[in-house]
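K.L.:
This is what each chain is made of:
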Amino acid sequence: MDDEEEPPILTAVSSSARQLYSLLRCINFSEKAHVTISEQGLKFSVDEASTLEGSAFLEKKLFTTYTYNAPPSSQRHIPDSDEEDEELDDAPTNPTFQISLPSLLETLQIFGLTDPNNSKPPWARDNTSSTAFTNNVLGMNNLCRISYDHMGAPLSIILTEATIRTTCNLTTYEPEYADEIPFDRQSLAFKTIMRGSWLFDAISELASTNPERLTVVARTARGKPYFALSASGPLGSARVEFNNNNPPSSSRAPHPTNPNATANPPDAPPSENLLETFQLGDPDAALRLTYNFKLIQKAQRAMSVATKVSIRCDDQSVLNLQFMIEVEPGERSFVEFTFVPLVEDDDEDYAADDTMLGARTENGELEGGEESDG
Amino acid sequence: MRFKASIQNISTFTKLTASLNSLGPLAWLKLSDDQVCFTIIPEQGTQVWAVLSIDTIFETYTVQSAANNVINLEVPLASLNRALKSALNATSAHIRLTKKDNMPLLALTIVTTSSSNTYSAFPTTGTNNEDPFDQSPLEDFGVGVRETIITQEIPVRVLGPDTVAGLHEPQCREPDVHIILPPLLQLKSISDRFTKQALAGTKAGTASTASRTRLELAANMHGCLRIGVKTDAMSISSVWTDLSNPDLDPSQVHNGEIGIAEHPSTRMKQLGTADGRSEEGWAVVRIDGRDWGKVMSVGRLGGRVIACFCHEHALILYVYLPNETGEDESVLTYYVSSYSA
Numbered sequence: 001m002d003d004e005e006e007p008p009i010l011t012a013v014s015s016s017a018r019q020l021y022s023l024l025r026c027i028n029f030s031e032k033a034h035v036t037i038s039e040q041g042l043k044f045s046v047d048e049a050s051t052l053e054g055s056a057f058l059e060k061k062l063f064t065t066y067t068y069n070a071p072p073s074s075q076r077h078i079p080d081s082d083e084e085d086e087e088l089d090d091a092p093t094n095p096t097f098q099i100s101l102p103s104l105l106e107t108l109q110i111f112g113l114t115d116p117n118n119s120k121p122p123w124a125r126d127n128t129s130s131t132a133f134t135n136n137v138l139g140m141n142n143l144c145r146i147s148y149d150h151m152g153a154p155l156s157i158i159l160t161e162a163t164i165r166t167t168c169n170l171t172t173y174e175p176e177y178a179d180e181i182p183f184d185r186q187s188l189a190f191k192t193i194m195r196g197s198w199l200f201d202a203i204s205e206l207a208s209t210n211p212e213r214l215t216v217v218a219r220t221a222r223g224k225p226y227f228a229l230s231a232s233g234p235l236g237s238a239r240v241e242f243n244n245n246n247p248p249s250s251s252r253a254p255h256p257t258n259p260n261a262t263a264n265p266p267d268a269p270p271s272e273n274l275l276e277t278f279q280l281g282d283p284d285a286a287l288r289l290t291y292n293f294k295l296i297q298k299a300q301r302a303m304s305v306a307t308k309v310s311i312r313c314d315d316q317s318v319l320n321l322q323f324m325i326e327v328e329p330g331e332r333s334f335v336e337f338t339f340v341p342l343v344e345d346d347d348e349d350y351a352a353d354d355t356m357l358g359a360r361t362e363n364g365e366l367e368g369g370e371e372s373d374g
Numbered sequence: 001m002r003f004k005a006s007i008q009n010i011s012t013f014t015k016l017t018a019s020l021n022s023l024g025p026l027a028w029l030k031l032s033d034d035q036v037c038f039t040i041i042p043e044q045g046t047q048v049w050a051v052l053s054i055d056t057i058f059e060t061y062t063v064q065s066a067a068n069n070v071i072n073l074e075v076p077l078a079s080l081n082r083a084l085k086s087a088l089n090a091t092s093a094h095i096r097l098t099k100k101d102n103m104p105l106l107a108l109t110i111v112t113t114s115s116s117n118t119y120s121a122f123p124t125t126g127t128n129n130e131d132p133f134d135q136s137p138l139e140d141f142g143v144g145v146r147e148t149i150i151t152q153e154i155p156v157r158v159l160g161p162d163t164v165a166g167l168h169e170p171q172c173r174e175p176d177v178h179i180i181l182p183p184l185l186q187l188k189s190i191s192d193r194f195t196k197q198a199l200a201g202t203k204a205g206t207a208s209t210a211s212r213t214r215l216e217l218a219a220n221m222h223g224c225l226r227i228g229v230k231t232d233a234m235s236i237s238s239v240w241t242d243l244s245n246p247d248l249d250p251s252q253v254h255n256g257e258i259g260i261a262e263h264p265s266t267r268m269k270q271l272g273t274a275d276g277r278s279e280e281g282w283a284v285v286r287i288d289g290r291d292w293g294k295v296m297s298v299g300r301l302g303g304r305v306i307a308c309f310c311h312e313h314a315l316i317l318y319v320y321l322p323n324e325t326g327e328d329e330s331v332l333t334y335y336v337s338s339y340s341a
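Taken in sequence, the protein lines are chains A and B.
Okay, so the first sequence: first residue is 1 according to the UniProt record's numbering, each after it adds one.
Okay, so the second sequence: first residue is 1 according to the UniProt record's numbering, each after it adds one.
Derived by calculation from the structure, the hints in this document are not laboratory data.
Cβ coordinates follow ideal geometry from the N, Cα and C atoms, glycine included.
Errors might be hidden in some of the hints.
Claimed, not checked - Only pairs whose alpha carbons sit at most 35 Å apart, straight line, appear in this in silico DSBU-like list of lysine-lysine:
1. A:K298 - B:K15
2. A:K60 - B:K196
3. B:K15 - B:K196
Unchecked claim - Calculated from the model, a selection of chain A residues having no Cβ within reach of chain B, i.e. all distances over 12 Å:
4. F57
5. I99
6. I164
7. A189
8. Y226
9. K294
As the list claims (entries may be wrong) - Incomplete in silico selection of chain B near chain A, CB under 7 Å:
10. T195
11. Q197
12. A261
Work out the full structure: start from the sequences and follow the hints.
P.N.:
Right, dumping it as structure tokens:
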């Protein structure tokens with residue numbers, strides 16, 4: 001093997017492992033993650049039974065140094081010609097492999113561990129002699145170096161803290177799947193942008209009834225955008241509504257349920273619209289799509305840290321949540337989730353859903369104009 | 001048979017018993033004229049042989065027995081530790097060997113002067129003097145400070161000289177590498193994380209992997225210590241550099257200067273590098289992660305620790321307890337044997 005003569009495929013140095021950790025933690029719901037190395041950065045993606053895909057993109061600019069040398073094509077194109085054609089179609093030489101995501105996350109957390117006094121104020125620390133000039137003071141800690149030498153090599157993470165050097169070699173596995181959940185960015189049925197924390201509050205609130213399904217409702221009502229998340233399960237149903245320029249109690253009575261408090265946060269700047277963007281593929285029709293609630297919940301970590309979230313559905317009812325996360329002010333990173341819709345629910349089910357809502361007035365969800373649209 | 005002492009350093013004694021208790025429930029306590037020895041020999045895992053100078057924990061100290069003024073006791077560490085914890089805020093504490101209904105026991109008498117009420121005379125509540133609810137209503141009426149005497153009784157077993165005659169400190173060959181360890185709490189936090197990581201790895205990987213994790217610990221004679229763990233999914237290791245390898249004292253080594261020249265560590269000095277990147281010159285032991293975590297708990301005593309590595313054989317830790325005179329008279333010796341690869 002003449003690997004030694006070739007430069008390593010990837011060498012990336014980050015001065016903050018915590019940044020990487022906080023992004024990758026958002027997609028920590030699977031044992032294995034696919035890693036794709038490209039000129040632009042590192043993409044980590046996980047999937048669950050092909051119904052949910054999550055990915056975090058560690059952009060090149062998150063690293064102080066990022067050197068990528070595309071592997072020589074001779075090594076890449078050993079497989080038969082069919083595959084070669086496919087590879088030529090999309091990103092020909094970007095190396096892809098799987099690693100254990102929990103192991104990577106644990107490793108990135110090693111930082112700061114070595115100083116047990118970190119959590120205490122300086123005057124409460126013991127054994128000060130050993131940490132008189134701590135690395136924190138010198139700003140030398142948290143140096144994290146990620147490297148990938150050649151195809152099939154382990155992914156190495158090297159963390160350096162003054163006199164301690166931690167090396168972690170993550171075994172790389174062959175990629176398991178090539179197909180992503182198809183999401184057509186060109187033909188969107190619906191798109192809205194709002195604060196991540198609002199979505200987080202809504203989902204947390206709905207989760208209290210332990211629902212099975214989450215229905216996304218979007219339409220234009222009286223020329224104004226209307227967006228609602230409704231959860232239903234064996235224990236009942238609940239709905240959170242988001243409205244721009246909520247009309248003052250003309251159409252609805254004050255809702256007894258808490259979720260609505262989220263929809264009209266008193267501390268929100270009055271001038272700011274709740275929904276930043278609101279686009280419907282067909283402005284005259286109401287959109288109503290159902291997803292598995294448990295899967296949506298997997299994105300909760302991302303919701304809680306995201307500044308903004310872009311909610312999009314394409315013509316095939318695939319839901320895509322794109323989270324903008326500012327790990328440091330001004331530095332934006334993106335974490336994405338794609339969900340396959342629940343297909344078992346047909347029109348019949350919607351009808352049942354509506355009946356149920358109608359029957360249970362205590363939910364406070366009754367609203368004449370809304371039901372007629374369904 | 002008489003034993004009576006006042007406890008000078010309650011917090012050290014408490015931490016010591018807590019650390020020892022993590023390795024085994026029963027300790028052999030040997031009291032003699034000039035030292036106090038605690039020995040833990042568990043069925044499995046690490047042995048501890050602690051030799052303490054009297055003044056490390058005790059002050060006025062008398063021990064008398066027919067057998068050269070030596071008393072051997074079997075002490076339940078958990079009870080002793082619990083009793084000592086209630087003495088943490090005491091103004092003074094005494095311990096003595098006594099009998100009650102023909103049962104030998106160690107009686108720990110604790111005197112607390114506090115504003116606490118008489119309820120704290122009950123041993124169970126005696127520990128938390130800082131409890132906000134512990135304020136005596138009497139205090140408001142000028143009754144003032146009270147002296148409370150608590151007596152904790154710890155049942156023990158007296159061991160005859162023949163019983164302990166067969167117990168000997170383990171013998172080990174001369175170590176290949178000796179090195180001063182970094183602060184144990186630092187080492188513990190890393191090794192605990194490795195253990196956790198290895199366990200997470202087994203869940204994902206094959207179920208056949210044993211639930212016990214083997215940490216690999218290695219050191220060289222150039223100030224490097226390496227700790228690592230391997231699983232199917234990953235291998236991770238941390239290397240410390242710039243630690244010190246203390247010089248051997250010729251008077252302590254068999255054959256003096258010649259002994260040092262022939263000492264395994266002298267040979268190991270020829271191998272390896274100070275940056276820890278070389279593959280040579282490491283003395284390696286494999287230890288159980290959980291057991292190691294328990295050993296590391298001695299870090300709370302804050303002593304200096306010298307680790308002696310016998311390659312592929314054993315690891316011996318000498319934990320020197322800090323004392324006022326600055327002399328390292330009290331030492332806890334941990335014997336950890338290495339698993340085969």
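K.L.:
Run the structure past the numbered hints and jot down the numbers of the failing ones, going up.
P.N.:
1, 5, 6, 10 and 12
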